[in-house]
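Taken in sequence, the protein lines are chains A and B.
Counting in the working numbering, the first sequence runs without a single skipped number right up to 437 at its last residue.
Counting in the working numbering, the second sequence runs without a single skipped number right up to 305 at its last residue.
Just so you know, the hints here were simulated from the structure itself, not pulled from any lab data.
Just so you know, even glycine gets a beta-carbon here, dropped at the ideal spot from N, CA and C.
Computed beta-carbon distance windows for the label pairs:
id, chain 1, residue 1, chain 2, residue 2, range
1, B, ALA128, A, LYS270, 38 to 44 Å
2, A, LYS114, B, MET87, 54 to 60 Å
3, A, LYS209, B, GLY67, 35 to 41 Å
4, A, ASP90, B, PRO49, 52 to 58 Å
5, A, VAL219, B, GLY67, 30 to 36 Å
6, B, VAL28, A, GLU92, 36 to 42 Å
7, B, ILE91, A, ALA216, 50 to 56 Å
Quick partial rundown of chain B residues pointing at chain A, CB under 8 Å, derived from the structure:
id, residue
8, THR39
9, THR72
10, VAL73
11, GLY163
12, LEU165
13, GLN249
14, THR251
15, LYS252
16, GLN259
17, ARG265
Below are the chains, spelled out letter by letter.
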Amino acid sequence: MAHPKDRSGISRRNLLKGAAGGALGIGAIGVLAGCENTTTAIGACEGDGTSNLVVPKPTGPGGLPLPRPDNAVTWAIVPDNEPIEDNVPDEEGPLAIYNYADYLDPALVKAFQKLTGRKVEIATYNSADEAFAKLSTGAVGFDLVMGLSSSNLVGLIAQQLIQPLNHSYLKNFEPNIWPELQDPFYDRGSRYTVPYVVWSDGIGWRNDKIKTDIDAMKVPWDIFWESAPYKGKVAVLDDQRDALSMPIQRDAMREGRRPDVNTEDEAVVKQAGVDLGQLTDIANVKVAITDYQTLPEGKTWLHQSWSGDLLGAAFYYMPKGVPASVLSYWGPEKNGVVQNDFFCVGRTAKNPALAHRFINFMLDAKVAYDNMVNFVGYTPPQVSITADSLITSGLIPRSLTKAVIRPEQFAPNQQLMQLTVAGQRYWDAAWSKFKAG
Amino acid sequence: MSSRWTWRLLAFPGIAWLSVFFLMAFYVVIAVAFGNQNTLSEPVAFWNPLDWNVGYMLETLKNIANGGPFFTVLVRTFVFVTLALIMALAIGYPVAYFAARHAGRWKGLVLLLLILPFWINYLMRMLAWINLLSPDGLATRFLSSIGIERLFIAVDLLATEGGWLEGQSFTVIMALTYGYLPFLILPLYAFLDRIDQRHIEAARDLGASPFSAFRRVTLPLSRPGILAGLVLISLPMFGDYYTPDLVSQSTKTNLIGNQIDQLTRQGSSKVVGACLTLILAVLLLGLMFYYLRATRTADDRGDDR
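With the rest of the complex left out, here is chain A:
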């Protein structure tokens, strides 16, 4: 029986969807437009009169800068959208949470209700697109939004859909969360967001079927172009950015350089589509996001995967008699994709203090650990959770060590970020072509 998410065919990590939502509040867009105090980089906005001696940085809706590691952004806090005061007592509730389906352990929700005496109501979405459409109508005021990622952030800010956080409520943030994610480039000072879980784009495979030691390959991604013997059992992620950036990462890895996974160079994107298209002939490649299920069942042997899916597979999806040790995962140490999603508080939240309290609850080391091993599978960026600790406690086999992300993987890897409208179209075209077979 398939997971409900598969049937929608929508990936949980739809990285691309940055910009969704029905009618766009043009007025809202203007609020943060312009560069003053919104970015650390000079010349981040094209055509705003700054020096032509700097390379222009990509801009998104309303001329807002699109964050990049070399273009970190501090989002302004504007007068009509300020964080809540300190020491506000919990509101009456119920706390309205908006989250991906099956992306939060219900037992923890119960525990929070017991702890606070407030009811929690969860509404779910299946794609970031869907979430945006609903959020931007403004019809429903969610207190807490979970699971959106940095590629969605510019859209959220542009439409003023979220409010700044008051860190005095988030006592668990500083001691528990990796220092690497406390001041991310996409939201300097974590003014609007706090990370939820992290993952890498890598390779999941059945080590009982595939004899190549993928881990030991100089460029592990090459295995996909050598996968003819496993024809019909090979798959890439059904997500245009993740899949198309794979050959881009492969090429860069061969040459030992850093890839630009957010490239807007038409030729590069086109070539990535052509390279990926070769897999159609080589392996009759499938395009799927059901790795956590098909790998354990042996329906696929080689899968481009999100690290968390392999952990989830080991935790809950192994068929009777198949040990989790048949699963292997390789993820990039550098020159690949490693990223995170986050919590944020809705602009029109009726229970903002309670929402902060819930975030802090989720940032608790024990709660975050339980949420991971009992339900979600994806790793929270908690200082106390390491691959060794999971292996020692017998939760995952050694072959999945790399599925547990380490903080030092963040800097040398990249996140898939929102592109400019023009750049996005190249990716769309290449993806359409690949998907047409």
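Starting from the known structure of chain A, fit chain B onto it as the hints suggest.
Relative to the frame of chain A, chain B by itself:
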């Protein structure tokens, strides 16, 4: 006079329903297809036809005309659907014929068995096939034991033993056929059941062989039923995207529905997705008109007789 209006009022719920859930919704698709997108890559519908922007539609049509990806999937969709229709007819007609003419007192039971698959959701039936056709599934083992698997491999319809779900075109066609077959059989049955037995008896009395009577009387009389059934199942087949998603997932079996699904859900091409939806709708409209014309001429002939 007033009673005539009472009867006409009966059409109101249907008209209201269609206006809201079909016409209005369809107009939204049109307004999006001839609209634009904003800096968030979100579609902006142009409601006033005078403002319509034909740029995206032209781009989409050009993609098709130049043999781009949309052309590839359109052709594939037509081929898959045509083959599925042929298979459905080859399987469905004899069944409907048997039920209508030879089932005798078992007619009720046969009909019940025909309707039975309706009781289970389409997705559920497809999911069942995933288990049946998996490498160690029941269907896979059966097909292997009766030699079908080897035959299919020999004629290149299957790549490897037990590989039915490994992105095989034939599996998708088979799944489409299976999924929509009941919708073909029922209207066919209704038509065949209504054929006046005396026509056939007359043909036999005049010296026609059973086969000739079938060919010259039953078959022509059931033609509207065949057409109705084929149209009924071809429309959803053309828009289908979850069947290839479930039983194949390969890029080689992606249909036009998959492209539309992907365009409207991933990336910044929702407007193009709307254009493609419109193009498909226009093509299907052509099919519908053909059906209406074909059945009308059949009716006219019936009246003449």
